[in-house]
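This is what each chain is made of:
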Amino acid sequence: MANTREIRRRIRSVENTAKITNAIQLVAASKMRRAQDRALQARPYAEKMQTVLGHLSGVAGEPETAHPLLERRDVNETTVILITPDRGLCGGLIANLERHTGEIVLGPDAGGSGDISMIPVGRKGGDYFQRFGIDFRASFQELGDYPGLAETQPISRIAIDDYTDGKVDQVMLVYASFVNTVTQVPVTVPILPVEPPASDEESSGETQYIFEPSPQEVLADLLPRYVDLLVYQAVLEAAASEQSARMVAMRNATDAANDMISDLTLVYNKARQEQITSELLDITGGVEALKG
Amino acid sequence: MPLTLEIITGERRLLRQEDVDEVVAPGSLGELGILPNHAPLITSLVPGELRVKTGNDVEEFFVSGGFLEVHSDEVTVLADAAEHGSEIDAARAEEARQRAVERLEQASDADRARAQAALSRSLQRLRVLEHRRRRGGGGRDMSRPTA
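Residue numbers (the working numbering), protein chains in the order written: chain A, 1 to 292; chain D, 1001 to 1147.
Among the hints, a few may not be true.
Ranges of calculated distance between the beta carbons of each label pair, as one might list FRET restraints [as the list claims (entries may be wrong)]:
hint : chain 1 : residue 1 : chain 2 : residue 2 : range
1    : A       : 130       : D       : 1039      : 51 to 61 Å
2    : A       : 103       : D       : 1018      : 41 to 51 Å
3    : D       : 1142      : A       : 183       : 18 to 28 Å
Please keep in mind that the hints were generated in silico from the structure rather than gathered at the bench. Quantities reported herein were computed from a predicted structural model and do not represent experimental measurements. We put the beta carbon where it would ideally sit given N, CA and C, even for glycine.
Taking the hints into account, I'd like the entire structure generated from these sequences.
Here it is as structure tokens:
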């Protein structure tokens, strides 16, 4: 049986850990609520933009209205935009993202016949894949807890520019999709070339839209914004996932610490009782001896 | 049948109103008015003022560009950024205007386009404010948006 002083010290140290994990949990919980709200608020815009793009895609299918961002080429280079948190302490989230991305960029048939490059967003993903000597087209860190379009636009603009210049032929987005507070799933979304959503029968078949100034110009305006938006949405979802994962991980850690504290307290009380009993035995033994 | 108007930005849904009589928007080919039974239309927008008429009331919004779609009496504005007249901060818009003018004077060609765009946004914001003031303000106050 360990002595009581040692057990007391362990208890105190676990208590301190629990205080820290609890504080991180509370902070993550409040950030999570806002990050989730923002991810949900961005959805109507994305949905509407997809409908408009759907209406346009009927017209865009014709060769004379095609746009560089719709053009499919043979793939000589693929860029993967990987969105990860800047900080750890969020459970298995980062490891899952890294494993998922690893299969794409390091696997046996990575990039098909072509090269692979990456744009890591967030420190964790960048640090990890740097070790494998993968070419980075750019890297972004510290977007903040609540990034806006202004922060994510540079990311999408690099992808668009490289694609238009023919430096890359395919761009994919990897991020932790937010399912709910306890579930976040790494997903891969191809963003370039843009795959226009299939337009539904009712809108494309019967309605003839007037386009101002012209279908080509509207498309040229809309496509870059659409890519901006895909990246923006992914970043928002990733932020919601990060905070949720951290909240859950830290709640588990706090619970584990509290369990440990109560186990240790039990051991401590037993040890203390034993000590008192043996002291009492010593004293009564002494008294008996004096009476003798 | 009146129009249904939705103004959506990447960050929030600013407005959804179902009894709109007329929408006047800053289209890229010039200002355009939309009345009920308008033909289906998709147009890009430039920075400017969007006016919404409901009965005798008029409300002004600022949009910084984007798209507008009309389909079966539903008008959807997909704006890069949009504000209700009551949300615009006059001092900030004025400051932005001055900054843009200064930058325009000493800008290289690359910066010129951006300064120009910033200038046009600030001027349009001020114009929305001016119209709102001349009309006598009133209407909704969205300066403190409900979460």
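The hints, checked one at a time:
{"no.": "1", "hint": "130/A - 1039/D: 51 to 61 Å", "verdict": "55 Å, holds"}
{"no.": "2", "hint": "103/A - 1018/D: 41 to 51 Å", "verdict": "49 Å, holds"}
{"no.": "3", "hint": "1142/D - 183/A: 18 to 28 Å", "verdict": "36 Å, violated"}
Comparing the model with each earlier hint shows a violation of hint 3 alone; every other hint is respected.
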